[in-house]
Each structure stands twice: as structure tokens, then as C-alpha cells.
Amino acid sequence: MTRALSPTGITRHAIRLDTAAAQTLTDIAGYLQKKQDMLALGLVSKRVHAVLDAGALAPIRLSRAIRRAQSCATLQRLWQAATGLGAPARATLSQQVAGRISALHPALHDAGAMIAPHSNVSTSVAIPACSTLEAALTVAPARRRMALTLYMHRRADELPRRTPAQWMAIADALPAHDRAPFLQCLAFAVREQAPGTARAWLHAWHDVPGRHRSGVPPEHCGQDLATLARLLVASSPMSTNADDPLLAERLSIWDAIHAAALAMPAHAAKPAIVALAPGVAIEFRAGSWTRAQSLIGTARDRYAPADAGDILVAMVTPLPGHWPWPAPAVLALTACVDTLPPPQQASLCGAIANVAPDEDTLTRAWQAMLAACQAAAPSDREPMIRALATYIAGGPEFVPDDMADFDRAVRARWNALLAEVSALSVTLRHRATLALIDASTVPAVRYVDESASAVLHLLALATPLSAAERAGVIARLAASGHAERHDDWGRITNAAAALPPESRYPALLVIARRMLGFAAAQENAELQWTGINPGPPFATQPLGLDDAATRLRPLLDLLPAAHRHRLAAKVCRHMAHRVGSWSSVLFSLLVHEVDAMPFTHACKAGAVTDLAHWAARHCPADDRAVLSELKRIVDMLPPEDRASALYWTADAAARHSAPDMLREIRAAIAQLPEPDRTPPAPSGH
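Counting in UniProt numbering, the sequence shown runs from 1 upward without gaps.
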């Protein structure tokens, strides 16, 4: 251990990881959030790897191997290796094994289901399954909340048999940290019952606000009020008229909860205020917004900015079926934006733009929020820009009165955000540029003026970014609606080709997938491309899958070998699961790429299996050459990686009426490890 003086004058200690105590290494691994960091720690030395392998590294290593498994035998071996791990890791890996089994050939599903049945995976703390409330109440306090939660889930119809006072007594007897979660579960269970049940409970619980006068701790009263508020908001009528008695009843309960919260200490009342906040929308059907105005005042006058922000953001939580926010309420919320801490400024900006009821209100609110954004510090400005970009055209239910005026307004907003992103420092620009790409897919913004495509501006924004960030921007553009325009496709693909070779993979992967999807649509006459773009061959859209194969090869040539193999494997998977078309030319190209992969490559078995899957489903019955090529690459796989591919090849042989090959495949299946020997039916399964 060495000592060093930091710039702040504090003495820091440097630890030699390769000689550190085992417990120290375990503690360090526990602080790491990313799997890549844990794996990097394990590479420090053989000793460090040995110390960490049984704990932090083994679940990561096994998880990755499970995702690549192509047979029941491999999954069985991996599950056996997991049996020595802790219960939480085993439970997670069991779920992954089950998910991977569903990705194998259907003939292997029954055998796979026996590998890691969920019933054999125990959790770290057993939770009793109680059939009666009395039994759940006898469970030890540390596990009682979970026992009660299971009871409520299984016997929800029995909940109304206890009065609210009895449920409150049950909650009071729980450990303090379990009380609020229990009440949340109780409210959810009640509101899932018939509407009449929730309404009856609201009536029965109407005296809850008075509990603060009977010696109950203020924090408990706040939790109780929050439970009642959740019931109120969840059970409010969605289609009543303004004069419906149910509406007046809900508003009366809202007022009672709010008044009770105001009589409590602010910190204890906050959970109730936050839970009550979405309920301000109940009164909009009556043409009023006085409760929204009152709650804005409560947040502003009683709470610090951060707590006030939680309340204001909760107010704008959309309730399905309620009337839209009145314009005055939207503008009143807008006036609060610059009083909040930066993270909540961004959240509130997006929420306000989402609920603006008309173009005039949206424009006024948007301009005010943009002004608040411009007044913020640069680091605080970036999340606000992203929030504003999300709702550049209003919320999902926004319907403009005049489309021409609306398009002009949206275009002006996008241009304003473009200027804001351009003014950000390079270190803050990446995520804002991605948000601007998403906003630019609105039809009004495809072209920001008469001559300039939005893609030109977006690529210019990305120019000073790092190569990895530029690749992310280009990948997002390739995945967007801009790629459907022939000229923009050329701009996007040329930008990808100009990236440094080691940074091209993310962008070229998206481009390859879009190109193959467009090629299939072209064959189905869904798209008609014309013209030739300058640049690499894939800058011009293909006329079909055969043409796509000729353009895919130069795309692969732009990548280093490791990235080339990964992308080829991804294309194999894409063809097996996403494209319902066939191309012998593309199949031959992908077989060539698979042949070039090292035998130990992690993607090789999956790529071969996906090619077999694709051929089994879509190869024409008269294309016998494909069968021999397919069987050749399947036979190259190790036995433990061959099972799914063999079964898919059997399906293809059955479709092609190739009995000799089918007999060979059955003989090969008989040589597989025991869990994979399910004989295929005559149809190939």
C-alpha cells in the first residue's frame, strides 16, 4: 500500500489489487455497477480472478454462456455449474435457462424444460403461502409483509371482509419500513376489484383523514392518506358528466385528503400530496381547475424546491379518460419551471408539453420553457433540451386546428432546439443530438427549410463528437424514418463509411438491417427506389435480397475481422427471425462469412443455427444446393453446439423431400449427447 497526497490535500491510499486480501477484493467488486468493470477487475491477475470467480464473476460468465447455448446438453452443464452459487444468482440463471430453452428448436423444448425447473430454485428467504389472513398474520414480523402481499394477490376477493380500521391495525403492527409498501399493495389490490368495491372502500375510509387527531404518528398518517389518495385517483370515474354525483363525491374526498394533509407536518404529508396530485385532473371534467391551482400553491409555499418539483411533476401524470388540462392550469405550471432544481425542470418541461390542450397554449408554454432553458447553466440545459425535443409536436392526443400553421410552429421549435444544441459544448452534445434526431422524424421537420434536409444539420452537429458518439448518431439516423428517403440514406451511409474502422460497427449494423428490410419490401413492391447515390455500393438502396447481398459484402469489408464476424452473425439472426424472404445469393455470402469465423468464435454456432432456421422456413423446395451447403457447415460444429442446427436441417430436408439426407441427419442426432437425442418426427420435428 502506498500513500499519495491528492490535489485537495487529503491523503489517499493506493492498493495493489494483485496482493489485496480476498475480502477487500470482494468488497471492491460489490461496489462495481457494470459487468464490464467486474470482468476487467478479474483480469488484473490470476489470483484476483480465482478469488472473484466463485462470487462476482461466475454468474456473469455463466449468463453469457447460457445466452450462446444451442443445445440441452450445454444448458444442463451450465446449470450444474450454477448449483454452487447463491440463491439469488441461481434464481436469475434459472430464468435465463428457461428463456434460452424457448430459443432452441421446438423438438428440444420438452427435454429442456427438465433442466432447471423454477420450482427447484429457492429464494434466499422462504415466504409462506398462506391461504387465510389469520395464517399470514402469524408469520414472523420480518416476513409478514410478503406473506400478506401473497395472500392479497391470491385471495383479493376476501379483502372487503375486513374494515379499513382493521387493515390499519394490521399495518400498524408491521415493522416501520414495511408499512408504506404494504399499504401500497393493499390499495392496488382493492382498486383491481370491481369498481363498486373500490367505491365502497372510499366511503369506508372517509374517516382516515381524522386519524392524525388520535395519537397516530404523523408519518403513519401520511402513509394512510397516500393510500386513500391512490384509491381515489385509481377509482375515479372516467366517463361521468360534469353534474354526475360520483364526480362531486370524488372531489369532496379530494378536498378532505388535501385539508388533512395541510394540517400535518409538511414532511409527513408529502407522500399523500404526491399521491393526490394526479387527482387534480378529476375536476377538469367539471370545467374547473381550482384544485390544481391550490396544489400548485401548496407545493410552492410549503415545500423546498426539490420536494415541490416531485409534487408538480406528479400533477401532470396523465390519467386515461380524463379531460385535457385547461390552458390556464398549463400556463400556471409553466411559471413554476424556473423555480425548480435542474433535473425536475427537465421532467416538468416534458410533462407540460405533453398535456398542452391546444396550439396556442403549447406555443406559449414552449416559449416560456425555452426561455428557462436558455437561462440555465449549460450542464443543466442539456436535459431540458431533451425533454422539450420529446414533445416538440405536443402530446400523443394533441390535434392541431390548422396543419399548415402547426407544421410551421413545429419547424420553428425544432430550429430553436437545433440552435441550442449547436451552442452546447462538445462534451454535452451527444444525448441532445440523439433527442433532436427523434424529434426530427415528425413530418414537418424532415426538411427544415426549402432546400436543407434535417439530416445535413444533424450530421453537422455530430462532426466534432468522438468517433464512438458519431457512430451512435449515425446509427440513430439509420434507424429513423430519414433512412426511407433515398437521398438521406446516401448521406447516412456515406457518413458511416467515413468513420474510423474500429468505430463503424454500431452504425453499419443498423444500416445492414435496414438495407435487408428495405430489400425485402422492394421485392414485395412496397418500396420503389430510383437513382444512384455516390459513395460505397450500399449507399444506393438494393432492388431485392440478391442485390442486397452484393452490397452487403463491401459493407463487411469496411470492418475489422472481429467486428465483421459479429455483424455477419447478426445478419444471420436477422434473416432467421425478421425477414420472411429467401435469397440463395445472400445465403451463400453468409455461409462464406461463417466459414471464415474461427472455430472458437462465440458467434459461430449461433450463426450456423440461424442459417439452418432460415433455410428450414424459407428455402424453396427445388434449391437442393442449399441443403448440402447447410449440412456441411452444421457438421463442422462441435457436438455440444450442433443440436438445434441439426433439427432445423432435418426440417429443411423434410421440406425438400431428401430422404437420404434425412437419414444422415437422424444418424447424427443419435450421436448427440443424451439430452439432445429426441428423434425428429417424419415432418422433421
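Heads up, a few of these hints could be off.
[What the hints assert, rightly or not] Quick list of the computed label-pair ranges, beta carbon to beta carbon: (1) Arg68 to Asp360: 53 to 61 Å; (2) Gln95 to Pro620: 35 to 43 Å; (3) His601 to Pro400: 17 to 25 Å; (4) Asp487 to Thr550: 19 to 27 Å; (5) Arg632 to Pro673: 42 to 50 Å; (6) Ser294 to Pro400: 26 to 34 Å; (7) Asp622 to Asp405: 57 to 65 Å; (8) Ala234 to Arg162: 42 to 50 Å.
[As the list claims (entries may be wrong)] Okay, derived cross-link-like pairs now, SDA-like style, lysine to any residue, Cα gap no bigger than 25 Å in a straight line: (9) Lys570 to Asp595; (10) Lys570 to Gly580; (11) Lys570 to Arg513; (12) Lys570 to Pro598; (13) Lys570 to Ile28; (14) Lys46 to Ile28.
Simulated from the structure, these hints should not be mistaken for laboratory data. Keep in mind that this is a model prediction, so the values were computed, not measured. Where a beta carbon is used, it is the ideal one built from N, C-alpha and C, also for glycine.
Now for the hints, and whether the structure bears them out:
1. Arg68 to Asp360: 53 to 61 Å: Given range 53 to 61 Å: holds, Cβ gap about 56 Å.
2. Gln95 to Pro620: 35 to 43 Å: 39 Å, holds
3. His601 to Pro400: 17 to 25 Å: 53 Å, violated
4. Asp487 to Thr550: 19 to 27 Å: 21 Å, holds
5. Arg632 to Pro673: 42 to 50 Å: Cβ of arginine 632 to Cβ of proline 673: about 22 Å, so the range 42 to 50 Å is violated.
6. Ser294 to Pro400: 26 to 34 Å: This hint holds: roughly 31 Å between Cβ atoms.
7. Asp622 to Asp405: 57 to 65 Å: 59 Å, holds
8. Ala234 to Arg162: 42 to 50 Å: 19 Å, violated
9. Lys570 to Asp595: 15 Å, holds
10. Lys570 to Gly580: Holds, at roughly 16 Å.
11. Lys570 to Arg513: 9 Å, holds
12. Lys570 to Pro598: Distance of about 16 Å is within 25 Å: holds.
13. Lys570 to Ile28: Answer violated: lysine 570 to isoleucine 28 is near 35 Å, above 25 Å.
14. Lys46 to Ile28: 17 Å, holds
Taken one by one, the earlier hints fail for this structure at numbers 3, 5, 8, 13, listed in ascending order.
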